[in-house]
Amino acid sequence: MLRRLGDVKLIRRISNVPFHDDLTAADDDLFGLEDFKHYKESPEMTRKRLQLEDSLQPRQPEQVKSTSSLESAALRKEPMIFISKLTDPYLNLAIEDYVYNKMAPEPQNNRLMFYVNKPCVVIGKNQNPWKEVNLPLLNSLHIPMLRRRSGGGTVVHDSGNVNFSFMTTKSEFSRFKFVNLVVDAINNWGKCKYQLEVSSRGDITTVTQPDGINYKISGSAYKLSRGKSYHHGTMLLNSRLDILGKLLSNSPEKNGIVSDTISIDSVRSKVANIEIQSDEFKALVSEAFKQQYGVKAQLNKEEKLQNSLLGLEDFMEAKEVEIFTIEKNTEINEEILTTAEELKNWNWKFGNTPKFTHQFTNDKYDLKVKFIIGKNAIVEDFELELPSSSSHSEIKASFDFLRYAIDQNELKPAEERLKYKGSDIAGFITHDEISDWIGESIDGTI
Amino acid sequence: MFKLINPLRTIRPTNLVSKVKPLSALRFNSDFNFKPLGSIPKQIKYTQDHEWLTVHENGSCFLGITKYAAEALGDATFIELPEVNEVFEAGDTIGSVESVKSASEIYTPVGGKVRAVNEVLSGNPGLINQDPMGEGWLIELEVETENFDELMDEEGYKEFLNQ
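Residue numbers (this note's numbering), protein chains in the order written: chain F, 987 to 1432; chain W, 37 to 199.
If we strip away everything but chain F, and leave its shape as in the complex, we get:
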């Protein structure tokens, strides 16, 4: 309707045609033209009108991109801040991935994203979850374990930490630039419990405390792709540090011994909370981001005139960054949901583990079992160590099906081979107690 009204004005002003089918209700009343409402324009008239309109069409200003949808926000050329209010870790990681993938590469682009997850454990791209995480404990607590797409070590997320993700071009990639910005923002604010600094590993730590320790506040992990890169971290504000440690602590007795030559080991550090409110942290870092990467505010003529009359030009060079908030009712498109599903897939979470062996010891039965796990976390072999007494021959025989299943692997397509899942392995062991123990020890699934 708006457009139709616009047309009328245009026509009137130019050609002053009184009898037109686009008259508005107001016109009807004013001019008593009710009867002409059903007037049909002749084809010739339509053609003439359209011609006239075309020639008079004012030049369209460059379309201002609406940032009403996540997609249009992610596609913007200007720097953007994304704040996710969602707490599902799969969705948040998928949105982060989406924002990153949609960002145009070189020559220049900047994004900052914040998200807070429900309790979960996040391992690095090339880590071994059996080694890094207490899987049986996680399973019993129904806490999800995720594998992210960046490198580095394992972290625990909960509502007391804020994840930040800074995206830029590949040529602008730096391991320190962004954490320096965060540290400066907090230190300049001056109300933080600790003075912060950046370690040689790109982590955020406290300055050396009286006990001689630089407590870790945030780890850093990075990803580099064609023309772009990101740097994300997990800032400890008010996390439940007591629980955090337990989820990652494995005992050789219960969780077995993982050996490999090559997966990425986490570096254990003493951690601390900086006890800032999450919104305060986001505001401080956003402000620093705005000062660094924001675009100059677009002032209209009047504002410019006013500023120059008042001699405020220098002060009014304000920088702006648009913030896009992802809320419950924000439309999450298919691409994001697909990524979230990929992140949930066992083949990504567990199957992406580099080759390893996993050995368990059972004192009650005096047995040792070692699983040899190949690419895609396929069970390649196992070794059983038992005392050679007759009572143990029964136990030995209870592994026969498992042996058979592994022997069948070679004949099967990759997808159907025996995967290193507690419940699957346990299913092939016919001794009930040993079966349960193995299933429980591998990942807490029986």
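Among the hints, erroneous ones may be present.
[Said to hold, decoys possible] Here are some, though not all, of the chain W residues that point toward chain F, as calculated from beta-carbon distances under 8 angstroms:
id, residue
1, T113
2, F114
3, V123
4, S140
5, S158
6, E191
[Said to hold, decoys possible] Derived list of chain F stretches under chain W, where covered just means 3 residues or more per stretch with a C-beta under 8 angstroms from a C-beta of chain W:
id, segment
7, 1128-1140
8, 1206-1214
9, 1238-1252
[Unchecked claim] Computed cross-link-like contacts, BS3-like style, restricted to lysine-lysine with a CA-CA straight-line distance of at most 30 angstroms:
id, chain 1, residue 1, chain 2, residue 2
10, F, K1163, W, K194
11, F, K1156, W, K194
12, F, K1088, F, K1282
It is worth saying that the hints were derived from the structure and are not from the lab. Predicted, not measured: the structure shown is a model, and the values here were computed from it. All C-beta atoms, glycine included, are put in the ideal place defined by N, C-alpha and C.
We have chain F; now place chain W onto it with these hints.
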């Protein structure tokens, strides 16, 4: 397409330089170590993502990262490679290198089927830093195209680096 050298002859970098090609085109020899690639390539190409591609007589191509890339990445701690027989299109990610907590994607500039992957790297990722243009090769690809004109030659890559 020109033939760089007679593939049947055993070539050492010294006689390559003095007898076969003018010096200017072969300055990369200081960085390249052809021995692990089995034969001297007939063409050497570079990408803007800092990968090198050698094209050999037998229709195969070796792919790796340049010395510049290896230095920029820092010490590699893990190298993710594809499966043999996997098929890729030009521009696809074929793997990644993890170094100092960063995962860097590696792309193939040409489509093809993976003929071999450098298994040594899975046990010794540091090789990619020590000899990125030789022992640290990533994959051998069976390619369909014979046209590599879109990729940079050595001169072009050097100019690209200088920009």
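Going back to the hint list, which numbers does this structure go against?
3, 6
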